[in-house]
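As they're listed, the protein sequences go chains C and W. FYI, the numbering used here numbers position 72 of the first sequence as 72, with every residue one higher than the one before it. FYI, the numbering used here numbers position 278 of the second sequence as 278, with every residue one higher than the one before it.
If you are wondering where the hints come from, they were derived from the structure by calculation, not from laboratory data. For glycine and all other residues, C-beta sits at the position ideal for the given N, C-alpha and C. Warning: the hint list may mix true and false statements.
Listed below are several chain W residues computed to face chain C (Cβ distance under 7 Å; list not exhaustive) [to be verified]:
1. A98
2. P100
3. N388
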Amino acid sequence: MKNNGLISSRRAALRGVAAGVVALPVLARAPVHAAKRRTRFFSVAELALVDVLTELIIPADEHAPGARAAEVAWEIDRRLADSDPRQDAALRNAWREGLRRLDALSRRTHGVPHFVRATEAQQVALLETLAAGEQAAQKNPTQAFFVLLKAETARAYYGSELGLMQEFGYQGNVYLPEFVGIDLGQAPRKG
Amino acid sequence: MASDSPPLSLAPPPIDLRTTYDVVIVGSGAAGGMAAHTLAQHGLNVALLEAGKRLNLEEELRSTEWPYEHPRRGDMPPGHRALALDEYNVRQTPYGQAHPAKKLYSYVQGWRGPDYSKSMVVDEKEHPFTGSRYAWVRTRALGGKTLIWGRHALRMSEQDFKAARRDGYGEDWPLSYTDIAPYYDKVDRLLGISGHAEKLPHLPDSLFQRATRLTPMEVRMRERLAKVGRVLTPYRAGVATDGVPHNKYRSRCGGRGACSRRVGGCDIHAAFDSPTGLIYPALDTGKLALRTGAIVREVLVDSNTGRARGVSFIDATTRKDYEVKARVVMLAASTLETARLMLLSKSQQHPGGIGNTSGHVGHNFCEHVMGPNLKGLMKDMVGRARANDDGRPGQFYIPEFRNVTEKQPSFLRSYGFQGRSGSNMYPDDTVVPLTPGFGKAFKKNVRERAGAFVTMSGFGETLPRFENHVALDAKVKDRWGIPVLRFNIKFGENEKKMCADMVTTAHEIFEASGIEVLDGRTTILPEGWSIHELGTARMGSDPKTSVLNQFQQSHDVKNLFVVDGSSHVSASCKNPTWTIMALAWRSCDHLASELRKGNLG
Numbered sequence: 001m002k003n004n005g006l007i008s009s010r011r012a013a014l015r016g017v018a019a020g021v022v023a024l025p026v027l028a029r030a031p032v033h034a035a036k037r038r039t040r041f042f043s044v045a046e047l048a049l050v051d052v053l054t055e056l057i058i059p060a061d062e063h064a065p066g067a068r069a070a071e072v073a074w075e076i077d078r079r080l081a082d083s084d085p086r087q088d089a090a091l092r093n094a095w096r097e098g099l100r101r102l103d104a105l106s107r108r109t110h111g112v113p114h115f116v117r118a119t120e121a122q123q124v125a126l127l128e129t130l131a132a133g134e135q136a137a138q139k140n141p142t143q144a145f146f147v148l149l150k151a152e153t154a155r156a157y158y159g160s161e162l163g164l165m166q167e168f169g170y171q172g173n174v175y176l177p178e179f180v181g182i183d184l185g186q187a188p189r190k191g
Numbered sequence: 001m002a003s004d005s006p007p008l009s010l011a012p013p014p015i016d017l018r019t020t021y022d023v024v025i026v027g028s029g030a031a032g033g034m035a036a037h038t039l040a041q042h043g044l045n046v047a048l049l050e051a052g053k054r055l056n057l058e059e060e061l062r063s064t065e066w067p068y069e070h071p072r073r074g075d076m077p078p079g080h081r082a083l084a085l086d087e088y089n090v091r092q093t094p095y096g097q098a099h100p101a102k103k104l105y106s107y108v109q110g111w112r113g114p115d116y117s118k119s120m121v122v123d124e125k126e127h128p129f130t131g132s133r134y135a136w137v138r139t140r141a142l143g144g145k146t147l148i149w150g151r152h153a154l155r156m157s158e159q160d161f162k163a164a165r166r167d168g169y170g171e172d173w174p175l176s177y178t179d180i181a182p183y184y185d186k187v188d189r190l191l192g193i194s195g196h197a198e199k200l201p202h203l204p205d206s207l208f209q210r211a212t213r214l215t216p217m218e219v220r221m222r223e224r225l226a227k228v229g230r231v232l233t234p235y236r237a238g239v240a241t242d243g244v245p246h247n248k249y250r251s252r253c254g255g256r257g258a259c260s261r262r263v264g265g266c267d268i269h270a271a272f273d274s275p276t277g278l279i280y281p282a283l284d285t286g287k288l289a290l291r292t293g294a295i296v297r298e299v300l301v302d303s304n305t306g307r308a309r310g311v312s313f314i315d316a317t318t319r320k321d322y323e324v325k326a327r328v329v330m331l332a333a334s335t336l337e338t339a340r341l342m343l344l345s346k347s348q349q350h351p352g353g354i355g356n357t358s359g360h361v362g363h364n365f366c367e368h369v370m371g372p373n374l375k376g377l378m379k380d381m382v383g384r385a386r387a388n389d390d391g392r393p394g395q396f397y398i399p400e401f402r403n404v405t406e407k408q409p410s411f412l413r414s415y416g417f418q419g420r421s422g423s424n425m426y427p428d429d430t431v432v433p434l435t436p437g438f439g440k441a442f443k444k445n446v447r448e449r450a451g452a453f454v455t456m457s458g459f460g461e462t463l464p465r466f467e468n469h470v471a472l473d474a475k476v477k478d479r480w481g482i483p484v485l486r487f488n489i490k491f492g493e494n495e496k497k498m499c500a501d502m503v504t505t506a507h508e509i510f511e512a513s514g515i516e517v518l519d520g521r522t523t524i525l526p527e528g529w530s531i532h533e534l535g536t537a538r539m540g541s542d543p544k545t546s547v548l549n550q551f552q553q554s555h556d557v558k559n560l561f562v563v564d565g566s567s568h569v570s571a572s573c574k575n576p577t578w579t580i581m582a583l584a585w586r587s588c589d590h591l592a593s594e595l596r597k598g599n600l601g
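Extracted from the complex, chain W is given alone in its bound form (with noise of 0.2 Å):
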């Protein structure tokens, strides 16, 4: 168990700033944490700068502390304060900007037990950012938003990659579902998935270790869902059900539902996180260095080629610039960060920002539109015996249908519902919002009712638009002195009808399956809500209308990399993790192997 895995024994080799490392890589999370593994483990000699702090995870989450153990029930202390969903609506951006607060947090720290993940999640008011409406949920610690992630691992399929040659919309990405599959299967090993083999085409299975099980509300609804053709699947998580033996950071996953509770993870690490699963075993190789404190603000170009030659970046704690110098350098900031640094890399080569000839850095923003949800009570079930219902990493997930089994021609694409059902820690946020009255009646109600509650939202695949974009904002600046992204991104009607589409068929999921609705929601939530921000970056075959080639390597600087979600062509619906991971371990490979052949100088 996590008391016994060993905290790391020597402190990380700190970065040699006279050295020229072979990768210097920007950013710890998925894809920053995988680049570092790939690249340690091919013996190359790489250096990971990550711009927060290491943190003691253990101690941090304290998954498995009973609300009733800690001062304030799990809440942050006083001053501490969360963005509410009005405020994304009715606040103009920079939304710490004149806000009250001493400090400010996005919306996930109006969550259960934000307490926990306080230090890893952005302070707004350091952090502002200008332009339109956007729920922008970031961490600034080792491991990125791995520390926060909802475990939701799924593979992209066929279908995915060529949906522009499908439906006539959009791009294809420039490599296959056959091209990826065997390092989708390399990171199930490396990391561990659970999930139950369906065998959809539209939604490839993993080699996955022991799934979770389902409530006994969750199965009627698969043999209803399966009479008309339609999935109901145990969750696809990202943990390690049957354990990793190969990497003693990490545990076998005891059950006890910690991460599906609170914003942050699992104090075990079998829920993956890239310092647990990655970092720490790249650094075992002994070719890793690694330095966190560092913000990187420019990757730096020879005046004489053109070509990247390292980056610079400030130190947190005594606020001086230093340059990281490097063969290759490969960014993995996260979607919006690494846009934001590739267009503050201006040169004379570059007059645009590094590796945007094509003027994409920043366009083409997708990611997954929410909002439609629906609550149920499964009346059978009322008064069912108290069960373990959320001792799991995850519950039940309903994969795509629309556009995919079934015809839907007033909109493109598809989305998926992910849901709960039955009993949980916090009944007074589930259950008793929708039990009237009070007293003995209530309360017996309360008891009676929890174990029958279903509950599901839509996660739906929005469409790549090159007007949807991020730019420099042209007066203001970070804490660092770093001028800040200006969004304009706005969701627009294949989004609103296919939103409305989610909250019909829900109704029908619930119909058909005996679950008599309590609320739900129609309404949209606001852009960058789903946290799966994707595009800026994209790969393509044509350098004219794309960043990156199929190796996430720059069409116009070829020692650039580019590893993280900004290089997706188009978002599907499913959660892009895993398959970030996928293809920054294939893009790693290849660049190792360039390197080898002295392509990349």
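Excised from the complex, chain C in its bound form (with noise of 0.2 Å):
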């Protein structure tokens, strides 16, 4: 999937057009097709709570697009349907439990059955009652499920242009006449 305007500005870059924090437009992609894509480990339901949940964790803001525009969601199910039935068994049950309880959460806390339809400050409020457990010894296993879906949202974000180039704005892998950085100023002794 190359995308022709990273390339192009990379081009530019390599040319000495000064380089700071490049803000990347967002492509215009052609619309996916819902009938067209399929998930291959979540349900449709799944994915679509997986969705709502990525995005809470890396949402859009002035700086940048979230993880919904870098398709997280998607990358996770495409991880997860690269994983082994049993050997990534408990990963894989730890997903599926993880966002049933999310649902189970929402009831127990707002009433509401599905976590999808809770409005965004009541998902907001139930994220930080398990964010609050993160840096706990002992978790409970829907704060162990939001360490996973965290680190997962981000693997996936910042593993997409959108995440690494727009949202970080990483400036390496470029090739470079010269090191940038800080030179100790000893010049080169080659025998």
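Dock the two chains into a complex; use the hints.
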């Protein structure tokens, strides 16, 4: 999936255009036709929930789009589909159970049986109770699921072009005629 | 650039099994490659055998491919797995036995981008080993571990070669820094090395090409450390930062940072690898014949004289046995495989394995102990504008100071730290785990903190002990029917005390530099983790307690040489590759001279 906008901006960088944090435009992509794209691990409902969760964790802001625009839920789906049903059974169960628990938590706390139907304020409040346990040595299963969810969201987001280049502004992986940084100023001595 | 460098236009001349070569070399890594190069330059007829395949490195590595350009973001295909740290601690060897993975690799394949290096590393299920816990990282491909090495290129010092007389432990090397210094120079010139001269007696400078540059965090650390007599210096990398114009197969480093970020190295061969740095130039002399897919199983001996007469190997494709005849046999299969091969080579004249009259083959194992690390945030660098912090073949190094410039009586020998700072391609790996919360504030924090991160890990010299050894397993065989190694290697008290001290000084360094500690490991990583295994056929002046003389020549069998890390007497705390190559060059010069004089028949 080569991004022509990215390549041309890299070429611009090589031509010596002043580098800074380059704000890349989000390319107009052909809209993803829901009927043509199928989930491989999640059910349609699970994917929708993961999509909401990942966007809450890494939302769009004035700086860059968030997880939804970076199609993070789809990448998580791909990664779980590629995992091994036997060897990764615990991981796969943790996802299914974790998503179920979030719905149950939403029902218990706000009387809304599906997390996706709660208001954003309610959703954020629920996640905050889980995130409170982030550093705890002992976590309940839903708090442990939050840690997993956050890690996988971040991995999929910062591994995407939008996340790595537009949001994070990564500058590396380009040809440098000279290294970037502070030179300790000694002339090289070659034998 | 890489796309312009010519592939081999002719297939390398195959080994002629009717010929008696001057030298047959087993193994094509740093040692074997350097031996092939040196001996071919001397005009000798050389045969080089490599157990693995020859890979198309440009195709395998695709060094500048973005994570999002890869169908699995750089992950291996389903069914391919890497051993995790816990598995080394919890599972018994052989780790691959009854493991449900289709293909199983050592822990390095658990890092980012393992899809690019999976053809280089060994499948643990096909190559078992038994005995004690050991994180054995192996490659089987032309180029050996130079295809995945960390590029840290350091010179050992006179203090290292004569450490025993300084602190009373172990044996001195049978050579001095002045013996090897000219060879370090030759390696520097031939291959190219990047670094910054520091004039430290305990870490000699090389003939450096352009040094990499430091981040503001590293510069501050360097300044603060200098106040207490410690040094932070740019990583000394076996990378041609000014290029090597005499070598048409290699490009000048373009600062893409690919080698630092992935297991497998450099698809433009700016980072040294044995195929482009040594073997292809050797093939160009017309004096080198090469065979890959050749698994050497024994050094063959003349039944009259007891001298080596060649090697026997199994062809990977046909599974048939063949012999290569040579006047001299040179082993460079890597420390543990070489010991294995010597032990396998039993004969009437050498009942304990060839070259093993001393009983020391497989013993005196040493390496670098690892484990303690520290991660933190230089607080006043938070919010620093995004910069290209990882476009370098390596980042920073803090050379040893304990028992060198500072007394530390609770343990012997010393350690250094290797570290990184600033942003890199995987903020989810480095920054996110240490950034709490979620939402807009979290997103902003990740972005603003990434440029302020500092992390470093210790590498310490382990003491060689006779009892730390490998031997042949009495029962278990690999897929070729060759007995595997049984390990008996365990860190001791000195390693534990050294690691406790690493934790202490790492905290001192961070505090002095204004770095807030966010996370750190205090436990020791499993034996073998450093991938710097050494010592199993050590050099020495006394044939009763050593296997080789100072020219890596067997005491017992004059036409047997062993030029890889098995020959080392001690580990120092310095990454061994550059030393391996300098020693091999020197030994091969000596060998060539001995052959010319007729001293080896």
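Now the hints, each set against the structure:
Annotation: interface hint on A98(W) violated; nearest CB of chain C at approximately 12 Å, more than 7 Å. A distance limit of 7 Å between C-beta atoms decides the matter here; for P100(W) the minimum to chain C is near 5 Å, and the interface restraint holds. For N388(W), the interface hint holds, the least distance from its beta-carbon to any beta-carbon of chain C being 4 Å, beneath 7 Å.
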